[in-house]
Amino acid sequence: MNEPRMVEVRRKVLKENDLLAHRLRDRFQSVGTRVVSLVSSPGSGKTTLLERLLTDLRREYRVAALVGDLATENDAARLARSGAPVKQITTGTVCHLDAGMVERALEGWAVEDLDYLFIENVGNLVCPSSFDLGEDLRLVLVSTTEGEDKPLKYPTIFNTADVALITKLDLAEAVGFDLELLIRNIHGVRPGMPILQVSARTGEGIEGLEHLLISNHTESKLAQVQ
Amino acid sequence: MHELSIALNIVDGVLEELDRQKSGHVEAVHLRLGRLSGVDKDALSFSYGVACEGTPLANSRLLIEDVEVAIFCPVCGVERPTRSFPVLICANCGALGERVLRGEELEITAMELVT
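Taken in order, these protein sequences are the chains called A and B. According to the numbering used here, the first sequence is numbered sequentially starting from 8. According to the numbering used here, the second sequence is numbered sequentially starting from 32.
Some clues are possibly wrong.
If you anchor each label on the Cβ, the simulated ranges turn out as follows [to be verified]: (1) D169/A to D43/B: 24 to 34 Å; (2) K160/A to E96/B: 21 to 31 Å; (3) E84/B to E214/A: 48 to 58 Å; (4) P11/A to P105/B: 38 to 48 Å; (5) L203/A to A74/B: 25 to 35 Å.
Think of the hints as simulated: they come from the structure by calculation, not from any bench. Quick reminder that beta carbons are idealized off the backbone N, C-alpha and C, glycines included.
All chains, full assembly: derive it from the sequences and hints.
Okay, here's the thing in structure tokens:
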């Protein structure tokens, strides 16, 4: 038997997903649709926050949402109460969304008629971090009830997200939440990461988050015009 | 556990690269895996065996090269390793890194073929 020969490859493992995500991003940007994804562990408040954002933003903007979940369509039903178009992506046993799932879910939707498309990922702090979905902005949520060391346990998701949102601010006092420690941990694994604090229940901080989404959108629209 | 998805992507990627070769049977696949890639090495090794079953890669070996984290240290002004994973503190001076330069790799670097 011959000696094996070494063939150099140099290929990213998720090349196919990355290529598709780039195509999606180009498509979204060419029609001026801002795509924002949300990632977090299960129960951090993605759906509650998103219901609030959809309800608020649809007063002035055309908004829609895709929501990933392993099995149920409960989240889509909750989000639909906002009145915005919502589509569930049921992943079965798959613990994350990928660009192909997003592309298939958008079939039949006129993306160009949307100002904002939100994508709620499957509740999971590990697996979604590897998969680019073509979004402009990725928000990682961490709630006051789940422990300040989440960034140290799951650094990759903080590294692939753009903005950290501390949620359930209204429960912070009751659970003895240490805000400074969480911020220190976030900045330890992702120096300089923008952090916002919100409570979807009381509305605290929501205006600031919406301002961030809107000003970023205006900037990208301006960049397009120029 | 998304390592099975990753392993299936490795198999697809290698099969695509194999198509460009005139001939050959894959004995081993070389992978660079950054410590910040979010992929678990043991779970990936296990999943790789499963993903290869029934393909031309069956019984091939996955050889994983670990890549430690390196940052650009704004104080030292150069690339530095970090002191205590996963916090991005410069091992030399203790300053917070400005950005990650290495450690996020998830790439196929080579395959060993026999003909």
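Now for the hints, and whether the structure bears them out:
1. D169/A to D43/B: 24 to 34 Å: holds (29 Å)
2. K160/A to E96/B: 21 to 31 Å: With Cβ atoms ~25 Å apart, the hint holds.
3. E84/B to E214/A: 48 to 58 Å: holds (54 Å)
4. P11/A to P105/B: 38 to 48 Å: holds (44 Å)
5. L203/A to A74/B: 25 to 35 Å: Given a distance of about 33 Å, which is inside 25 to 35 Å, the answer is holds.
In this structure, none of the earlier numbered hints is contradicted; all agree with it.
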